[in-house]
Amino acid sequence: MSAAGTVGAVAQVLLVAAGAPLLVGVMRQVRARLEGRAGAGVAQPWRDLRKLLRKEPIAPHGTGVLFRAAPLVLAGAALVAAGVVPLVTTASPLDGIADLFAVIALLALGTVFLALAGLDTATAFGGMGASREMVVLALVEPTILLSVFALSARVGSTNLGEIVTTTLHDPQLVVSPVSLLAAVALAIVTIAETGRIPVDNPSTHLELTMIHEAMVLEYAGPDLALVEWASAMRLTVLLGLFANLFAPWGIAGTSLLMLPVALLAFSAKVVVLGGALAAGEVFMAKLRMFRVPELLAGSFLMALLAVAASFFLAGP
Amino acid sequence: MTSDERRTTDIDAGALPERAAALLGRGDRLALTAAHHDPDALRVVYLFTGASPDRRTELQVRLDPGRPSLPSLAGLSFPAGRFEREMRDLYGIVPEDHPLPRRLVRHHHWPRGWYPMRADAGPPPEFGDPEGPYPFVTVEGPGVYEIPVGPVHAGMIGPGHFRFSVVGESILKLKARLWFVHRGLEKLFHGRLPGDALPIAERVSGDTTVGHALAFCMAVEDATGIEVSPGARRMRAMLLELERLYNHVTDLGALCNDVGYSIMNSQFGRIRESLLRLNAEVTGHRLLRGGVVLGGAALRTIPAPARLTAIAEDAAELARLALSHTVVADRFTGTAELPAEAARDLGTLGYVARASGLDTDARRDHPFTDLRPSLRVATRGTGDVLARFQVRAEEIAVSAALIGDLAYGMSPGVVTYWPPLAPPAAPVSGVGIVEGWRGTIVHRVELAPGGTLTRTKIVDPSFFNWPALPIALNGVIVPDFPLVNKSFNLSYAGNDL
Numbered sequence: 001m002s003a004a005g006t007v008g009a010v011a012q013v014l015l016v017a018a019g020a021p022l023l024v025g026v027m028r029q030v031r032a033r034l035e036g037r038a039g040a041g042v043a044q045p046w047r048d049l050r051k052l053l054r055k056e057p058i059a060p061h062g063t064g065v066l067f068r069a070a071p072l073v074l075a076g077a078a079l080v081a082a083g084v085v086p087l088v089t090t091a092s093p094l095d096g097i098a099d100l101f102a103v104i105a106l107l108a109l110g111t112v113f114l115a116l117a118g119l120d121t122a123t124a125f126g127g128m129g130a131s132r133e134m135v136v137l138a139l140v141e142p143t144i145l146l147s148v149f150a151l152s153a154r155v156g157s158t159n160l161g162e163i164v165t166t167t168l169h170d171p172q173l174v175v176s177p178v179s180l181l182a183a184v185a186l187a188i189v190t191i192a193e194t195g196r197i198p199v200d201n202p203s204t205h206l207e208l209t210m211i212h213e214a215m216v217l218e219y220a221g222p223d224l225a226l227v228e229w230a231s232a233m234r235l236t237v238l239l240g241l242f243a244n245l246f247a248p249w250g251i252a253g254t255s256l257l258m259l260p261v262a263l264l265a266f267s268a269k270v271v272v273l274g275g276a277l278a279a280g281e282v283f284m285a286k287l288r289m290f291r292v293p294e295l296l297a298g299s300f301l302m303a304l305l306a307v308a309a310s311f312f313l314a315g316p
Numbered sequence: 317m318t319s320d321e322r323r324t325t326d327i328d329a330g331a332l333p334e335r336a337a338a339l340l341g342r343g344d345r346l347a348l349t350a351a352h353h354d355p356d357a358l359r360v361v362y363l364f365t366g367a368s369p370d371r372r373t374e375l376q377v378r379l380d381p382g383r384p385s386l387p388s389l390a391g392l393s394f395p396a397g398r399f400e401r402e403m404r405d406l407y408g409i410v411p412e413d414h415p416l417p418r419r420l421v422r423h424h425h426w427p428r429g430w431y432p433m434r435a436d437a438g439p440p441p442e443f444g445d446p447e448g449p450y451p452f453v454t455v456e457g458p459g460v461y462e463i464p465v466g467p468v469h470a471g472m473i474g475p476g477h478f479r480f481s482v483v484g485e486s487i488l489k490l491k492a493r494l495w496f497v498h499r500g501l502e503k504l505f506h507g508r509l510p511g512d513a514l515p516i517a518e519r520v521s522g523d524t525t526v527g528h529a530l531a532f533c534m535a536v537e538d539a540t541g542i543e544v545s546p547g548a549r550r551m552r553a554m555l556l557e558l559e560r561l562y563n564h565v566t567d568l569g570a571l572c573n574d575v576g577y578s579i580m581n582s583q584f585g586r587i588r589e590s591l592l593r594l595n596a597e598v599t600g601h602r603l604l605r606g607g608v609v610l611g612g613a614a615l616r617t618i619p620a621p622a623r624l625t626a627i628a629e630d631a632a633e634l635a636r637l638a639l640s641h642t643v644v645a646d647r648f649t650g651t652a653e654l655p656a657e658a659a660r661d662l663g664t665l666g667y668v669a670r671a672s673g674l675d676t677d678a679r680r681d682h683p684f685t686d687l688r689p690s691l692r693v694a695t696r697g698t699g700d701v702l703a704r705f706q707v708r709a710e711e712i713a714v715s716a717a718l719i720g721d722l723a724y725g726m727s728p729g730v731v732t733y734w735p736p737l738a739p740p741a742a743p744v745s746g747v748g749i750v751e752g753w754r755g756t757i758v759h760r761v762e763l764a765p766g767g768t769l770t771r772t773k774i775v776d777p778s779f780f781n782w783p784a785l786p787i788a789l790n791g792v793i794v795p796d797f798p799l800v801n802k803s804f805n806l807s808y809a810g811n812d813l
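Keeping their order, the protein sequence lines are chains A and B. Using this note's numbering, the first residue of the first sequence is number 1, and each one after it goes up by one. Using this note's numbering, the first residue of the second sequence is number 317, and each one after it goes up by one.
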């Protein structure tokens, strides 16, 4: 454990917490400009959050502890994930638990709580959204695990910090079939997990088509702000993880001097990835609900191939 | 022009089923049913229309003042059954042996025995003793659950409650319950002079200003015997096509938006805006209000045909781009097929009917001006979302070509033959039939001596098309419903008068 590591871990949590809504704003702005609209500006998600936070907290009749706890659990899990995943530094004091399984479980915990909260409202939409989200989650989680597993096989450890450090020292590892297959698989599940087109449409107002949004329809005011903020952080963490698994350059180790560079590099990587995702969405339409499993099954297959390749290509 | 083609026959209630069956048997459709509360008794008029040649036949039945009832025609024609339920709710006329004697347009909380359209109804009373429960049919079975949606929806649409019975994601049954905001619109016409009633007709349904205003004006002109000049008729036809253009363009964009392809919505929105600005240049109002006047039309400018051609090419290009996207094509193709037989039995109209293969278009079947040779009636056979999209894309091209033809030699200004030289000396009636962008709109008016309106009956195509939506949804999955609903795009306001 080093001072630089501690500072880096704190810095990356703060950066994710403050920057996640801005990332969402950038993505919306990119989409708006590409579609020929003016757009609301990069800071709009923060303005929305401020507006929501000023409203009175309100919960539907008959909902229990679960409904009120879910946004806190979701935001808490996202914050812990932001501290654990090697985004800015590989020398985080939490490196010991920065295990790939722990991170996946953390993100899943938030989703499961939100699904339970959707069921807690006992409305048709909450239940519908929860069931759809669980379908997506059940198909996404194995793919994430497998593809990161493929990357960890060559390192011999499931510790994310170690995987990133190894890639940093052996850049040729990135240009292997294993990396490529895992990257595609991970990209698809990141899109699914964060509820983007073509799996889900975050900007729709049509309740019947929603997945993620249907679960949170009953939230309002500060609770909704927490949910929205946590969703933005999950997106940032997943994009950051994706970036650092395949292009970890710029990440800080034990050197305090590298930290500002690392923060900038991380921001740049996430913004580029988010912008690319948003730009891609412009040219995509939402898949028919029953085609989503086909897409996710395809990504699972690629992750499986990546794992197989990581053993076959490892050599004697 | 139309008055001598319309034949009205007084018959006994007992003879009604036989006469109606004969008319329906020769291919006519029941276009309108209007009840009237005369000082002495209730009276019902059935208007049957047929195409090539244009036929309009009215059957008029006077009811027994003590026992207002009619033999039901629901077994002969599905729309007749719905008109009868409407009359029962608003006038208290009982259809005998009706297979589904449930309320239709009646609001749940209207007091029992209060019939708002009767002459002695008085001002609306407080909400009172409801007519009794009207539960939704529960679909039984393992895993079946209900999704209630509405009546208040996200987005700017009218109120309607949809009750889905669903297993997994597949819709087993949809019940749409509408009629939440009865505005008493038809009653607002009563006692007004036609000139004072025209602004109401323009506002029957916000997106169908020209359609309803024109149908109303034609009905009044039919009643008062006014001949509109050929030039003014061409101006009216042009306004009708302008309305069709902007609505079709809007909805093609909205359909793309509903499958998450929002760039197309932005692009169609761009075309829509240029059309709305064109509308404002032509009539002074973006939604074309003020263009159709009694006895004629008023245009400020004539749109340049080249401009319309450019817009139509732009829209056709976008429609091509949308359908060449594999995911969009996949979402549209085979979604919510409305079989031709169902479309015919339900009496559907407009692009919904044409997408299911029914060749119906009042511009050709009940013409008020000759639109040949540019008028082509676009049809498709599959009846799915794709077919409705394609029919409307094709109609954009036809409309632009029609406007080009109509604009030839036209000069702006107000052309009107209103008012008539002498107000009607006896009670008169008239019918107006217009192919609005949604389908065939029919208005029927009656005027008292002196020229005030005593009754206006409005029939929007949505009244015929709403029952087709649940039929088309058979086996569709829940997340596709908004797309299907948009592909029908039925009016709440035009349906709930």
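Keep in mind the hints are simulated off the structure, nothing from the lab. Remember, it's a predicted structure, so these values are computed and weren't measured experimentally. The C-beta atom is built at its ideal place from N, Cα and C for all residues, glycine as well. A few of these clues could be false.
Said to hold, decoys possible - Heads up, incomplete: computed chain B residues facing chain A, CB under 10 Å, no partners named:
1) 426
2) 464
3) 469
4) 482
5) 485
6) 575
7) 576
8) 643
Here is what the structure says about each hint:
A least Cβ separation of about 28 Å between residue 426 (chain B) and chain A goes past the 10 Å threshold, and the interface hint is therefore violated. The interface hint given for residue 464 (chain B) holds, since its Cβ lies 6 Å from the closest Cβ of chain A, which is under the 10 Å cut-off. At a threshold of 10 Å, the smallest CB-CB gap from residue 469 (chain B) to chain A is about 8 Å, leaving the interface hint in force. For the restraint placing residue 482 (chain B) at the interface with chain A, the shortest Cβ-Cβ distance is roughly 8 Å, inside the 10 Å limit, so the hint holds.
Restraint check, residue 485 (chain B) versus chain A: the minimum CB separation of about 6 Å is within 10 Å; hint holds. At its closest, the beta carbon of residue 575 (chain B) sits 5 Å from a beta carbon of chain A; the interface hint therefore holds under the 10 Å criterion. Given hint, residue 576 (chain B) at the interface with chain A, holds; its Cβ is 3 Å from that chain's nearest Cβ, closer than 10 Å. Of the supplied interface hints, the one on residue 643 (chain B) holds, with its beta-carbon coming within about 4 Å of a beta-carbon of chain A, less than 10 Å.
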